[in-house]
Amino acid sequence: MVTVCHIQPDYYRDSVFLMRAAQAIRKDPGVLDVAMMMGTPANKRSLRAGGLLPQAAESADPSDLIVVVSAETQTAADAAVAAAIAQLTAATAAADGPGTASESHWSSLEEAVQSDPEANVALISVPGAFAAAEARRALSRGLNVMLFSDNVTVAAEVRLKAIGRAEGRLVMGPDCGTAIIDGVPLGFANAVPPGRVGVIGASGTGMQAVTCLLARAGLGVSQAIGTGSRDLSAEVGGASTLQALELLARDPATDVVVLVSKLPSAQVADRVVASLGACGKPGVVNFLGYLPKGSASESVTYVRLLEDVVPEVARLVGAEWPCGPLEFWWPGDEVATVLKCEREKLLPGQNLIRGLYCGGTLCQEAALLLAERNLAVQPAVTPDGAKSVVFPNADHCLIDLGGDEFTVGRPHPMIDTSLRAQLLLQCAGEPHVGVVLFDVVLGFGAHPDPAAELAEAVDAGRRRAARDGRELSFIASVCGTNADPQGLRRSEALLQTAGVVVLPTNAQAARLACLVAGGGAADADACSVVPSRSDSAAATTGSQPLFGSRCRVVNVGLRGFHDALRTVGAPVVQVDWRPPLGGDPALADRLAKIL
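Under the working numbering, residues 16 to 610 are what the sequence shown spells out, in order.
Be a bit skeptical, because a hint or two may be false.
Distance windows between CB atoms, simulated [unchecked claim]:
no.: 1; residue 1: Gly304; residue 2: Gln129; range: 45 to 55 Å
no.: 2; residue 1: Asp348; residue 2: Ala386; range: 43 to 53 Å
no.: 3; residue 1: Ala289; residue 2: Gly66; range: 53 to 63 Å
no.: 4; residue 1: Pro69; residue 2: Gln511; range: 41 to 51 Å
Since the hints were made in silico from the structure, they are not lab data. Since the structure is predicted, the reported quantities are computational estimates derived from the model, not experimental observations. Quick reminder that beta carbons are idealized off the backbone N, C-alpha and C, glycines included.
Hey, can you work out the whole structure from these sequences and the hints?
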């Protein structure tokens, strides 16, 4: 084996570009592995843990790009490095060539704002160490902020949200995965129809699941406002949620308000729900794992699970929905047949569930359902900075691969399916694993075809288990609509062809996994066909702009978000960001405070 390292000094490309470039080169003959990462301390630790950090790369600066190739021969390694350099050269030529300005690509946020003085939202997806500084720059130039980046400190979040409120601007995030503002999909958002329901979420995939299920029920969305996963924590105090409630209370297009979050601080939850009850509009609240001690308000209804939001909203707006709580949106005999088939695949002792999630809220919802059925769930161990994962030997385990520890120097798993495919194969090699449970999240900004790649991973997992004389049960749900770029029905069909049992919601997938691994039967009285009433949802502009004028975006970071906005005809300009001040985040933060 031969390892070759190349350092491209003072050269930045976002993690998605580098991921795709490395994937392409990895397919070349004789190439064993390829790593293309910026020379940050965190990335160096990751490369070192994987045995891919040669001595020559130790001195690389955060603004330098490290290319490491492991190959069978020197010739193959040299050819792979040459291919990497060619990709980097072509990308530079494309960015610097004629037509850059006309295509609305700029080198700084200031230039981008000058090019579109009517811009009112900055979508920021740069590495976490620099994200707060970029958000502060955007606020100082009069922009509302959607901060997609994670790995931002709580102190920085509190400071940014206080500045935002003082300046009359909304800060969505950090770790804000999705929003739909005036029909414009920001970050990981789905194509849903306009309607009367406003959604506020301290949960990205939770909001996506709710908006997609509303679309399935023929109900549309007026606005979907993300706040960041920590907004309802005691430290942050619901700052963005309270601001968003004020906006929706004044919005004539919003008749019903839905709040979605992972488990919040009880004190903050009570304060937020009190504000919801006083806003003058009926509300539905889904705070996973949290229910109030008493009734908060006659106008506010709590629900346990994400799927439970839909019947409550349907009731409030007078839409048709099947009566009674349902465990499965399939006929009872169909559920029984599927359950029997999946159980027959497994050998005695094959009773563990492994959950591999890209959605944190979906992962938490599944864990809640397992706990209710007395199925013990234990966390995995990541001994070397999430380069590898060690599962518990005798307990069920669910992993949120979108967690901060898994996204340092690596694209979010809704963009990059490679880590999930790797872990799926690892789970298939464990003799006591019977069920692999996972989610697939579609939408703008996400992987162009995640179902196809995960179907390939399932095939590989089946072959791995078959070598030991075992089979596995693969169970999934797909969050999306038929109008999404990937297509809900198409994605479900790809998985089903690979032998995956695909359920309409995440909760139903988790319930089936519990029955397969833990025994028991479905309640036939809680099984019923729930039709899909929306086959042509499409993102459209709402009747009244949320921020006073039409949503116009300055995209700072991942170009995929810019391209998605261009696809739906939304006004957007791109900042081709690169680490400032030699890649020193501390200097960048100090500079931002005086801008």
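So, going through the hints one by one against the coordinates:
1. Gly304 / Gln129: 45 to 55 Å: holds (47 Å)
2. Asp348 / Ala386: 43 to 53 Å: For Ala386 against Asp348, whose Cβ atoms are near 29 Å apart, the range 43 to 53 Å is violated.
3. Ala289 / Gly66: 53 to 63 Å: With Cβ atoms ~54 Å apart, the hint holds.
4. Pro69 / Gln511: 41 to 51 Å: holds (45 Å)
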